[in-house]
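The numbering of the sequence shown is this note's numbering, which starts it at 6 and goes up by one.
Simulated from the structure, these hints should not be mistaken for lab results. Because the structure is a prediction, the values reported are computed rather than measured. Keep in mind that the hints are not guaranteed to be accurate.
Stated by the list, open to error - The calculated lysine-lysine pairs, modelled on BS3-like cross-linking and capped at a C-alpha distance of 30 Å, are:
#1 K45 - K128
#2 K18 - K45
#3 K65 - K18
#4 K208 - K183
Unchecked claim - Across the chosen pairs, the derived CB separations fall in these ranges:
#5 Q48 - D170: 18 to 28 Å
#6 R213 - A160: 18 to 28 Å
#7 D159 - E60: 24 to 34 Å
#8 P156 - P12: 50 to 60 Å
#9 A160 - G61: 47 to 57 Å
#10 P146 - V64: 30 to 40 Å
#11 R36 - E211: 21 to 31 Å
#12 K45 - V197: 55 to 65 Å
#13 V58 - R178: 46 to 56 Å
#14 E60 - S154: 37 to 47 Å
#15 F92 - T34: 33 to 43 Å
#16 G13 - T34: 19 to 29 Å
#17 D202 - Q56: 18 to 28 Å
Note that the Cβ used here is the ideal one computed from N, Cα and C, for glycine as well.
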Amino acid sequence: MSPKTPPGETREKIYEFMRDRLLDGNPPTVREVQARFGFKAVQSAQAHLEQLVAEGRLVKQLGEFKGRARGYALPRSSVDSAGPTAFAPLLGHIQAGGLEAAIEEREGMVPVQRAGRRSGSEKLFALRVRGESMTGAGILPDDIVIVRSQPSADAGDIVVALVGDEATVKTLRSRRGKVVLQPENDAFEPIVLDPQDCQILGKVIEVRRYLG
């Protein structure tokens, strides 16, 4: 940040940065704001954020997101003006308790634009990816996949399936009456199951990656 930049102009840029990150479901920490705009002290970034709260452009919000305090959020009017939005629960993992149990232990909520969705009533959830089994499909560790909840899918779809006591993200295939959960990485073996041993939780419809 240039020392000659007027405070109001700096604050506007901070607001735009906060707005974009919050709408993406990836709220920055105050220290990230400090680093992004070159403040020498974290208190300077904090002061700008508090002024945005005073102006009604941000609101204080308690709670945790990715294990850290969110601190700030957009007022409902700002979220609504960005377009019709649904909110999908962000799940760190899904175990044998199933989807509903995992939603109760969600990490946070991820905004999803409804534009282009086939139904405003469809049920969505988001899942943080673990491991490297889907790198060939462009899905990397710590990516977030947006999933449409559905009990079945077509061959070739990327799905979230519950196998044993854990969920996995794989490409759905079939072979001689068996369900094949195919990794997109040659270092991993496919998972071959009887249909009754595999529960499809949903189809992946979007992949998100946050940089920095």
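Each hint, compared with the structure:
Between K45 and K128 the alpha-carbon distance is near 45 Å, which puts this suggested pair outside the 30 Å criterion. Among the hinted pairs, K18 with K45 is consistent with the structure: their alpha-carbon atoms are about 17 Å apart, no more than 30 Å. Of the supplied pair hints, the one linking K65 and K18 holds, its CA atoms being roughly 19 Å apart against a limit of 30 Å. Distance restraint check for K208 and K183: the Cα-Cα separation of roughly 19 Å lies within the 30 Å cut-off, and the hinted pair is therefore satisfied.
For the hinted restraint 18 to 28 Å between Q48 and D170, the CB-CB distance of approximately 46 Å leaves it violated. At about 25 Å, the beta-carbon gap between R213 and A160 stays in the expected band of 18 to 28 Å. At about 49 Å, the beta-carbon gap between D159 and E60 misses the expected band of 24 to 34 Å. For P156 and P12, the Cβ-Cβ distance of about 54 Å falls inside the hinted range of 50 to 60 Å, so the restraint holds.
Checked against the hint of 47 to 57 Å, the pair A160 and G61 passes, with Cβ atoms roughly 51 Å apart. Taking the beta carbon of each, P146 and V64 are about 32 Å apart, inside 30 to 40 Å as hinted. Range check, R36 to E211: about 29 Å between beta-carbon atoms, so the 21 to 31 Å window is met. Between K45 and V197 the CB atoms are about 58 Å apart, so this pair conforms to the stated range of 55 to 65 Å.
For the pair V58 and R178, the beta carbons lie near 51 Å from each other, so the given range of 46 to 56 Å is met. A C-beta distance of roughly 39 Å is found between E60 and S154, which places it inside the suggested range of 37 to 47 Å. For the pair F92 and T34, the supplied restraint of 33 to 43 Å is violated, since their beta-carbon distance comes to about 21 Å. The hinted range of 19 to 29 Å is satisfied by G13 and T34, whose Cβ atoms lie roughly 23 Å apart.
For D202 and Q56, the hinted distance range of 18 to 28 Å is not satisfied, since their beta carbons lie about 57 Å from each other.
Violated hints, listed in ascending order, are 1, 5, 7, 15, 17; each of the other numbered hints is respected by the structure.
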